[in-house]
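So for the sequence shown, our numbering puts the first residue at 67; every next one is plus one.
The hints are simulated quantities; they were obtained by calculation from the structure and are not laboratory data. None of the values given here were measured: they were computed from a predicted structure. Every residue, glycine too, gets a C-beta built ideally from N, C-alpha and C. Honestly, I wouldn't trust all of these hints.
To be verified - Quick list of simulated restraints, FRET-style, between CB atoms:
hint, residue 1, residue 2, range
1, Ser161, Glu192, 15 to 21 Å
2, Gly195, Ser113, 16 to 22 Å
3, Lys103, Ala136, 24 to 30 Å
4, Thr98, Gly195, 39 to 45 Å
Said to hold, decoys possible - Okay, derived cross-link-like pairs now, SDA-like style, lysine to any residue, Cα gap no bigger than 20 Å in a straight line:
hint, residue 1, residue 2
5, Lys75, Thr185
6, Lys71, Ser168
7, Lys71, Asp172
8, Lys114, Gln76
9, Lys71, Gly105
10, Lys71, Asp191
11, Lys114, Met142
12, Lys71, Gly165
13, Lys75, Ala162
14, Lys71, Gln169
15, Lys114, Glu141
16, Lys114, Gly195
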Amino acid sequence: MSDAKTEVKQRIDVIESSYEFFLAYAAQGRTTDEGAKSGADLRDFLSKLESALDGLADTVATAVTGEEPADAWDEMIAVVRRDAEASLCSVRLVSARSGISSQLIDNLNANMHLRAVLTDLFLVDELVG
C-alpha cells in the first residue's frame, strides 16, 4: 500500500474516532469542558480532527493518482475538499471556545459537512482498498 493510501486510512481513523468520542461527550450533559478529564480529551480529539481535515483532499488526490476513471476521481476529490474545508471551519470555531458544552459538541457532530466528509471517506476507503 502506498504511503498516501496509508495516510488517508490514518486520517479516516482519526475522523471516525473523533466523531465517536464526540457522541460520548455529547451524552455527558456538560456545560463546559473546563476542569474535566473528558474536557482535556475533547481538546485533544478536536486538535487531531483539525489536523486530519487540513489538507485531506490533497492527500486523497495523491492516493488516487493513476486511478480510473480520472474525471470521476477529480470530481470526488472536489467533493471531499468542499466537505473537509467546511468541517474544518466548524472544528476551528468550536476549538476556539473557552468552554465547550456537550450541546455544542452534539451540534458539531450533527453538522452536515462533518457527516458528509466522514461518509465521503468511507466511500473513498472502499474504492482505494
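Tested hints:
Distance hint for Ser161 and Glu192: a CB-CB separation of about 30 Å, inconsistent with the stated range 15 to 21 Å. Distance hint check for Gly195 and Ser113: the Cβ-Cβ separation is about 29 Å, which falls outside the suggested range of 16 to 22 Å. For Lys103 paired with Ala136, a C-beta distance near 47 Å fails the hint of 24 to 30 Å. Under the hint 39 to 45 Å, the C-beta atoms of Thr98 and Gly195, about 43 Å apart, fit the expected range.
At most 20 Å may separate the alpha-carbon atoms for a hinted pair to count; Lys75 and Thr185 meet this at roughly 13 Å. Taking the CA atoms of Lys71 and Ser168, the gap is about 34 Å. The hint is violated against a cut of 20 Å. At most 20 Å may separate the alpha-carbon atoms for a hinted pair to count; Lys71 and Asp172 exceed this at roughly 30 Å. Taking the CA atoms of Lys114 and Gln76, the gap is about 11 Å. The hint holds against a cut of 20 Å.
Restraint check for Lys71 and Gly105: not satisfied, since their Cα atoms lie roughly 32 Å apart, outside the 20 Å limit. Among the hinted pairs, Lys71 with Asp191 is consistent with the structure: their alpha-carbon atoms are about 9 Å apart, no more than 20 Å. Restraint check: the Cα-Cα separation between Lys114 and Met142 comes to about 24 Å, which exceeds 20 Å; the hinted pair is violated. Taking the CA atoms of Lys71 and Gly165, the gap is about 36 Å. The hint is violated against a cut of 20 Å.
Pair hint Lys75 plus Ala162 does not hold up; C-alpha atoms about 27 Å apart against a cutoff of 20 Å. Pair hint Lys71 plus Gln169 does not hold up; C-alpha atoms about 35 Å apart against a cutoff of 20 Å. For the suggested pair Lys114 and Glu141, the alpha carbons sit about 26 Å apart, so the restraint of at most 20 Å is broken. For the hint pairing Lys114 with Gly195, the CA-to-CA distance comes to about 24 Å; that exceeds 20 Å, so the pair is violated.
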